[in-house]
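Undergrad: One-letter residues, chain by chain:
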Amino acid sequence: MALDQSFVGRTYPATDPYEVGREKIREFAEAVGDANPAYLDPEAAKALGHSDVIAPPTFVFAITFKAAGQVIQDPQLGLDYDRVVHGDQKFAYTRPVRAGDRLSVVSTIESIKSLAGNDVLSVRGEVHDETGEHVVTAHTMLVARAAEEA
Amino acid sequence: MTARISYDEVAVGTELPAQSFPVTRAMLVQYAGASGDFNPIHWNEKFAKEVGLPDVIAHGMFTMAEAIRVVTDWAGDPASVVEYGVRFTKPVVVPNDDKGAVIEVSAKVAAKDDEARTVRVDLVAKSDGQKVLGMSRATVRLA
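So the protein lines, in turn, are chains A and B. Once you know that position 113 of the first sequence is 113 in my numbering, the rest is easy, because the numbers rise by one and skip nothing. Once you know that position 27 of the second sequence is 27 in my numbering, the rest is easy, because the numbers rise by one and skip nothing.
Take the hints with a grain of salt, since some may be wrong.
[Said to hold, decoys possible] Each computed EDC-like pair below joins lysine to aspartate or glutamate, with the alpha-carbon atoms no more than 16 Å apart:
id : chain 1 : residue 1 : chain 2 : residue 2
1  : B       : Lys-90    : A       : Asp-88
2  : A       : Lys-66    : B       : Asp-37
3  : A       : Lys-113   : A       : Asp-80
4  : B       : Lys-112   : B       : Glu-15
5  : B       : Lys-99    : B       : Asp-128
6  : B       : Lys-90    : B       : Asp-55
7  : A       : Lys-24    : A       : Asp-34
8  : A       : Lys-24    : B       : Glu-83
9  : A       : Lys-24    : A       : Asp-41
10 : B       : Lys-108   : B       : Glu-9
11 : B       : Lys-90    : B       : Glu-104
12 : A       : Lys-90    : B       : Asp-73
13 : A       : Lys-66    : A       : Asp-16
14 : B       : Lys-108   : B       : Asp-55
15 : A       : Lys-90    : A       : Glu-110
16 : A       : Lys-90    : B       : Asp-97
17 : B       : Lys-49    : A       : Asp-82
18 : B       : Lys-99    : B       : Asp-55
19 : B       : Lys-131   : A       : Asp-88
20 : A       : Lys-24    : A       : Asp-4
21 : B       : Lys-112   : B       : Glu-9
Read the hints as simulated data drawn from the structure, not as lab findings.
Model the full structure from these sequences, guided by the hints.
TA: So this is what it looks like as structure tokens:
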């Protein structure tokens with residue numbers, strides 16, 4: 001079932017700030033097996049010019065994807081989440097995410113396409129810190145596979 | 001935000017040191033906890049098979065996180081990555097044995113931008129002989 005094109009361009013309210021903690025960054029870095037000292041050791045991060053430990057490049061996805069839940073679970077949009085797979089992912093950084101950041105996300109539906117019966121939804125998540133500075137933009141493309149013939 | 005590798009010493013075609021990353025069921029459970037992505041296709045074999053998958057598969061974002069390590073280990077400062085994007089083309093199937101799967105990542109410099117002093121690195125990620133990421137690219141700012 002094709003999604004309603006009139007949702008393209010719809011922007012959802014900014015999320016409540018997510019506070020990035022040193023230990024959450026450590027937990028994530030350990031889960032991906034990455035011992036880069038910039039993620040684990042504040043002194044090593046400072047030596048690189050950062051004010052505190054920074055997060056691995058894909059860390060922010062946990063925050064933007066949660067924010068995209070507003071879109072995915074929007075009952076008016078009617079996406080069949082049980083059939084959704086992750087198609088593409090892209091990040092464009094102004095600066096790295098770092099410990100102490102309080103980040104909020106504004107999600108916008110960039111495009112809705114129908115390809116071979118699949119719904120293809122692109123969501124942009126703009127991430128800003130509490131001073132309003134842009135940190136990163138995440139582009140997430142989700143594919144809701146066509147339902148099988150009954 | 002400078003990197004250890006300098007822009008001038010890199011040429012189009014420069015290969016980054018390739019790396020192999022193991023993936024086991026235990027690592028997927030750990031990643032689920034750290035990332036908050038508890039989709040059962042990443043840890044429950046019965047569920048994965050019911051939705052038509054051959055077995056439990058790795059989180060696409062796990063594979064994406066591993067692949068960029070080839071770039072961040074090379075560049076020194078992970079903040080030198082200013083853009084990173086992938087397409088998830090094939091799942092990484094992770095069997096329930098003591099070996100799991102392996103993600104093999106290679107990368108090379110595909111283009112240089114003299115004005116921005118950035119390079120485009122194209123990545124290839126394979127598991128079990130199959131490409132698991134497509135259009136996998138990072139833009140890296142070098143000193």
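Undergrad: State for each hint whether it applies.
TA: Against the structure, the hints:
| no. | hint | in the structure |
| --- | --- | --- |
| 1 | Lys-90/B / Asp-88/A | holds, 12 Å |
| 2 | Lys-66/A / Asp-37/B | holds, 10 Å |
| 3 | Lys-113/A / Asp-80/A | holds, 15 Å |
| 4 | Lys-112/B / Glu-15/B | holds, 14 Å |
| 5 | Lys-99/B / Asp-128/B | holds, 13 Å |
| 6 | Lys-90/B / Asp-55/B | holds, 13 Å |
| 7 | Lys-24/A / Asp-34/A | holds, 14 Å |
| 8 | Lys-24/A / Glu-83/B | violated, 23 Å |
| 9 | Lys-24/A / Asp-41/A | holds, 13 Å |
| 10 | Lys-108/B / Glu-9/B | holds, 14 Å |
| 11 | Lys-90/B / Glu-104/B | holds, 14 Å |
| 12 | Lys-90/A / Asp-73/B | violated, 20 Å |
| 13 | Lys-66/A / Asp-16/A | holds, 11 Å |
| 14 | Lys-108/B / Asp-55/B | violated, 32 Å |
| 15 | Lys-90/A / Glu-110/A | holds, 13 Å |
| 16 | Lys-90/A / Asp-97/B | violated, 32 Å |
| 17 | Lys-49/B / Asp-82/A | holds, 14 Å |
| 18 | Lys-99/B / Asp-55/B | holds, 15 Å |
| 19 | Lys-131/B / Asp-88/A | holds, 15 Å |
| 20 | Lys-24/A / Asp-4/A | violated, 38 Å |
| 21 | Lys-112/B / Glu-9/B | holds, 11 Å |
Checked against the numbered hints given earlier, the structure breaks hints 8, 12, 14, 16 and 20 and satisfies all the rest.
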